[in-house]
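Chains as they are written, first to last, in my numbering: chain Z, 1 to 335; chain W, 1 to 329; chain R, 1 to 300.
Since the hints were derived computationally from the structure, they do not count as laboratory data.
These numbers were taken from a predicted model, which means no experiment stands behind them.
Glycine included, every Cβ here is placed at the ideal spot set by N, Cα and C.
Take the hints with a grain of salt, since some may be wrong.
Unchecked claim - Have a look at the derived ranges for each label pair, beta carbon to beta carbon: (1) A148/Z x R20/R: 56 to 62 Å; (2) N275/W x V330/Z: 39 to 45 Å; (3) M144/R x K297/W: 54 to 60 Å; (4) V330/Z x H169/W: 41 to 47 Å.
Stated by the list, open to error - From the structure, some residues in chain Z lie toward chain W, with a derived Cβ separation under 10 Å: (5) S161; (6) L202; (7) M268.
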Amino acid sequence: MSKDMTKPLLSVRGLTLDIPLARGTLHAVRGIDFDLYRGETLCIVGESGSGKSLTSLAVMGLLDKNIQRRAERMDFDGTELTRASNRQMRALRGDRIAMIFQEPMTSLNPAYTIGDQLIEALRLHRSVSRDTARARAVELLEKVGISAAASRLGQYPHQLSGGLRQRVVIAMALMCEPELIIADEPTTALDVTIQAQILRLLVDLTKEMDVAMILITHDLGVVARVADKVGVMYAGELVETGPAAEVFGKPMHPYTRGLLRCIPQPGMTERGGELGTIPGIVPSLIGAVQGCAFRTRCPHATEACGGEIPVRGEQSHRFLCVYADGARSVEGEPA
Amino acid sequence: MSAPVLELKNVAKTYRVKQGMFGKPKPLNAVNDVSLSLGRGEVLGLVGESGCGKSTLAKILLGLEEPTSGQVLVDGEAIGGQDRLALARRIQPIFQDPYSSLNPRKTIADIVSLPLRVHGVGDAKSRAKSVRETLELVGLPARVLNTYPSQMSGGQRQRVAIARALIMHPEIVICDEPTSALDVSVQSQILNLLNELRAEFGLTYLFISHDLAVVEHLATRVAVMYLGRIVEEADVGDLFDAPRHPYTRALLNSVLTPDPSLGVPDTQLGSAYPNPISPPSGCHFHPRCPFAETLCKTKAPRPVPRAGGHVECHLHDPDSTMYRPDFTV
Amino acid sequence: MSVKKTTAPLMEEITGPTPRQILRKRVTGHTGLLFGLAVVLILLFVAIFAPLLAPHDPYAQSLSSRMVSPVFLGGTWEHPLGTDHLGRDYLSRLIYGARVSLLIGAVAAAISGVIGTAMGVAAGYFGGKVDAVVTFLINVRLAMPVVLVALAVVAILGGSLQVVIGVLGLLLWDRFAVVMRASTLQVRRREYVAAAQAIGASTSRVILSEIMPNIVNNLIVIVTLEMAHAILLEAALSFLGLGVQPPTPSWGLMISEGKNMMLFEPWLVLIPGVVLFMLVLAINLMGDGLRDVTAPENRS
Numbered sequence: 001m002s003k004d005m006t007k008p009l010l011s012v013r014g015l016t017l018d019i020p021l022a023r024g025t026l027h028a029v030r031g032i033d034f035d036l037y038r039g040e041t042l043c044i045v046g047e048s049g050s051g052k053s054l055t056s057l058a059v060m061g062l063l064d065k066n067i068q069r070r071a072e073r074m075d076f077d078g079t080e081l082t083r084a085s086n087r088q089m090r091a092l093r094g095d096r097i098a099m100i101f102q103e104p105m106t107s108l109n110p111a112y113t114i115g116d117q118l119i120e121a122l123r124l125h126r127s128v129s130r131d132t133a134r135a136r137a138v139e140l141l142e143k144v145g146i147s148a149a150a151s152r153l154g155q156y157p158h159q160l161s162g163g164l165r166q167r168v169v170i171a172m173a174l175m176c177e178p179e180l181i182i183a184d185e186p187t188t189a190l191d192v193t194i195q196a197q198i199l200r201l202l203v204d205l206t207k208e209m210d211v212a213m214i215l216i217t218h219d220l221g222v223v224a225r226v227a228d229k230v231g232v233m234y235a236g237e238l239v240e241t242g243p244a245a246e247v248f249g250k251p252m253h254p255y256t257r258g259l260l261r262c263i264p265q266p267g268m269t270e271r272g273g274e275l276g277t278i279p280g281i282v283p284s285l286i287g288a289v290q291g292c293a294f295r296t297r298c299p300h301a302t303e304a305c306g307g308e309i310p311v312r313g314e315q316s317h318r319f320l321c322v323y324a325d326g327a328r329s330v331e332g333e334p335a
Numbered sequence: 001m002s003a004p005v006l007e008l009k010n011v012a013k014t015y016r017v018k019q020g021m022f023g024k025p026k027p028l029n030a031v032n033d034v035s036l037s038l039g040r041g042e043v044l045g046l047v048g049e050s051g052c053g054k055s056t057l058a059k060i061l062l063g064l065e066e067p068t069s070g071q072v073l074v075d076g077e078a079i080g081g082q083d084r085l086a087l088a089r090r091i092q093p094i095f096q097d098p099y100s101s102l103n104p105r106k107t108i109a110d111i112v113s114l115p116l117r118v119h120g121v122g123d124a125k126s127r128a129k130s131v132r133e134t135l136e137l138v139g140l141p142a143r144v145l146n147t148y149p150s151q152m153s154g155g156q157r158q159r160v161a162i163a164r165a166l167i168m169h170p171e172i173v174i175c176d177e178p179t180s181a182l183d184v185s186v187q188s189q190i191l192n193l194l195n196e197l198r199a200e201f202g203l204t205y206l207f208i209s210h211d212l213a214v215v216e217h218l219a220t221r222v223a224v225m226y227l228g229r230i231v232e233e234a235d236v237g238d239l240f241d242a243p244r245h246p247y248t249r250a251l252l253n254s255v256l257t258p259d260p261s262l263g264v265p266d267t268q269l270g271s272a273y274p275n276p277i278s279p280p281s282g283c284h285f286h287p288r289c290p291f292a293e294t295l296c297k298t299k300a301p302r303p304v305p306r307a308g309g310h311v312e313c314h315l316h317d318p319d320s321t322m323y324r325p326d327f328t329v
Numbered sequence: 001m002s003v004k005k006t007t008a009p010l011m012e013e014i015t016g017p018t019p020r021q022i023l024r025k026r027v028t029g030h031t032g033l034l035f036g037l038a039v040v041l042i043l044l045f046v047a048i049f050a051p052l053l054a055p056h057d058p059y060a061q062s063l064s065s066r067m068v069s070p071v072f073l074g075g076t077w078e079h080p081l082g083t084d085h086l087g088r089d090y091l092s093r094l095i096y097g098a099r100v101s102l103l104i105g106a107v108a109a110a111i112s113g114v115i116g117t118a119m120g121v122a123a124g125y126f127g128g129k130v131d132a133v134v135t136f137l138i139n140v141r142l143a144m145p146v147v148l149v150a151l152a153v154v155a156i157l158g159g160s161l162q163v164v165i166g167v168l169g170l171l172l173w174d175r176f177a178v179v180m181r182a183s184t185l186q187v188r189r190r191e192y193v194a195a196a197q198a199i200g201a202s203t204s205r206v207i208l209s210e211i212m213p214n215i216v217n218n219l220i221v222i223v224t225l226e227m228a229h230a231i232l233l234e235a236a237l238s239f240l241g242l243g244v245q246p247p248t249p250s251w252g253l254m255i256s257e258g259k260n261m262m263l264f265e266p267w268l269v270l271i272p273g274v275v276l277f278m279l280v281l282a283i284n285l286m287g288d289g290l291r292d293v294t295a296p297e298n299r300s
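Sequences are here, hints too, so could you generate the full structure?
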């Protein structure tokens, strides 16, 4: 397998997801673009209903049948995912693309031991003996920090704690040495201390094994600590994308800045002081959606926001706003 | 500090858990000898991992569970001696999930007026007025009176839940993870609202949360709970700036502030949370503690006073062989 | 008293339809429910206004006009559905028979519904010993064959409308208890129940006004199922001669009386059989439909 480092592993252009409903078409995802290189971690952050989970399912080809997927391009290492057959997608899933879900209980089958499930995950895609697969399972369980790995193989998912289960899920995702891991809120169901452990594990393993990762989350803290690249999603659009240091250091889109002001930041927000807010709610995406979807909640909205929204910024750090500086100067932020 | 409005004296709650069909029931000490006191207007943040007993403690305070031993005092009166209605007038809850905490078959007016009807306060007209005023207080227009919870967003529902809690003008509000089910932008609105309401009415909050950034923001004092015990309690500044207990330190370490220059922290908490049915010997925290010594496995640490509270750790006990006065974690 | 800066949520935020609007929309779009409801309502109408609708006295015998064929088999409009072996007008007996069927179905379902709901809700709400006792009683009841017990009781007490209703009412509560127990268990864990308890609401208030409204949709479904069940059992008992006694017009009895002539005059069995089938089918469709339309709406 040739590994071209200059070409993105996954390149998505103009991904659109439409859900036909009785009341009209719900434009859940509206033309998003992103590139992901090998070994890179992209965090897609957004609130509920922003379309971030659907985006990950669209890449995996796991959308409900009624959702219409369109894209100019969804290139995974030379394979065009929009034209891939079900058979091709099944061969990719779990092998070269692995997925980690929020609730580890749903991705582990309660009726089988974790050993069986780990071995099966490998033997589904590789013709290896049970013993080889078993050895690999033990190796990976140790790698994800599970002690007495060999004896754990005979245990059932319900015998493990939530944190251990998520470690098993990660080990399972790594069985076939995937090139891309898609993790949808992998730590939301876990306690804070376990969350830190699991995230650390994911970051270390993806770096060590040169795996690319798309991590879907609503938690800006997770994004800042884990991401190489950030995509801020709002109402079906990536309103700002860029390297983590730049997006957090100099957030351009008014929504990104609004979100960052909403969370208490120790040392920066005054204890007991007032937090920033974003008034209003996400607009309905049913029917024709025009202009900037954030304009109903944006303090700087003008008439121009209802029209065509230009893409601003340089190649790596881009955002969608009618203001050339994302209204930073209006808010008195340094340019 | 003024006379405490809420006091817990050696409160314990033990469940008997059956293991298997024929197993002998084993005791589970969900809350183990907890003493706390809250002054008027204070916000006590209660933090800890799931299963540490913080929700059981909340249920005891709300009168939904009977403590196995110990006393809960409100304004110096034991609540065992008061009837349920009197307790309900003084302590009210706000729950985590605004989708589950409002009855889907009732209108907002019904939900918010329920406390008034249960307590037989006023007539229909004065109740309606009171409901309108309380809704306005939490930022909801009177138009929502005849709508149902399913028509509202998560933030609006949580406002309704707050209105229901406040309509009887309680002194103490138990906030059990009130914002963890909400989106970031809505969470800050609710936190601001809780803060404003406290300032306006001198409310006392017991604020249960797993989000330490939120606790640091809102609380005046913090209690850290581990396996049913309060292992450290201190004023918010002291606790966050100089945590004494190794567990507190680990919790603070695990907070992910949105700072991309920092990586994911190492909490140094090796193993998983222990099974509360068979807690570790000595100090319950010793299997996960990077500073544990032999003493920790055999002897449970006693509470040692510190500013605004106490800490349970041999490292801070002057009578212990492990005492290290200079130890700051 | 006012809190200053809290952003008042925009009115546009309240966008969703009311539960009633959702219900209306679901009902009008559900063919099965509408069909079932229509058939049941028509039969109910027929049963209530039987004296006005029946062309003849259902008990009046006429030896001169026995076994008259229905109009579609060459009979006359004098007896549209013909007459039976005693010369009684078949249509009139069918119309009066609807009364018996619906009465037995409704009352038996009501009696068993009250017993089963009380037991199930108590078991689900209080748990512990109450739950253990109720679960034991459910198991005992499930171990008894309904038809055999009903046969034995009717054989001892003698068949009559009251006895049949009483026996079925006391036997068919098991499904109510099982379903209501499970539903209550589910609902009582919701935080609004804890909120009501923390307000100081009494146990009866919590059960009646917080829990019941949220499980009543399941109750309605079981009522329809058990109604259909009771109607079929009545027909079976009457067919065996142990249910409603002659000459009371009952569909089960009509089938029973017609069975001797089945080979020569099959319509004697077919007509009440088809009507019985239609009623039970309609009630079941109605129950299925009610379950669909009252299912809790999705969050999104």
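Assuming the hint says 54 to 60 Å, is it satisfied by the Cβ distance from M144/R to K297/W or not? 59 Å, holds
Cβ separation of V330/Z and H169/W, checked against the hinted range 41 to 47 Å: Check passed, 42 Å falls within 41 to 47 Å.
Does the interface hint hold: is M268/Z within less than 10 Å of chain W, judged Cβ to Cβ? 8 Å, holds
L202/Z was flagged as interface toward chain W. Is the shortest Cβ-Cβ separation under 10 Å? Hint on L202/Z: holds, closest Cβ of chain W at ~8 Å, below 10 Å.
Are S161/Z and chain W close enough, Cβ to Cβ, to be under 10 Å, as the hint says? At 5 Å from the nearest chain W Cβ, S161/Z passes the 10 Å test, so the hint holds.
Status of the given 56 to 62 Å range, CB of R20/R versus CB of A148/Z: 58 Å, holds
At the C-beta level, are N275/W and V330/Z separated by a distance inside 39 to 45 Å? 55 Å, violated
When held up to the earlier numbered hints, the structure conflicts with hint 2 and nothing else.
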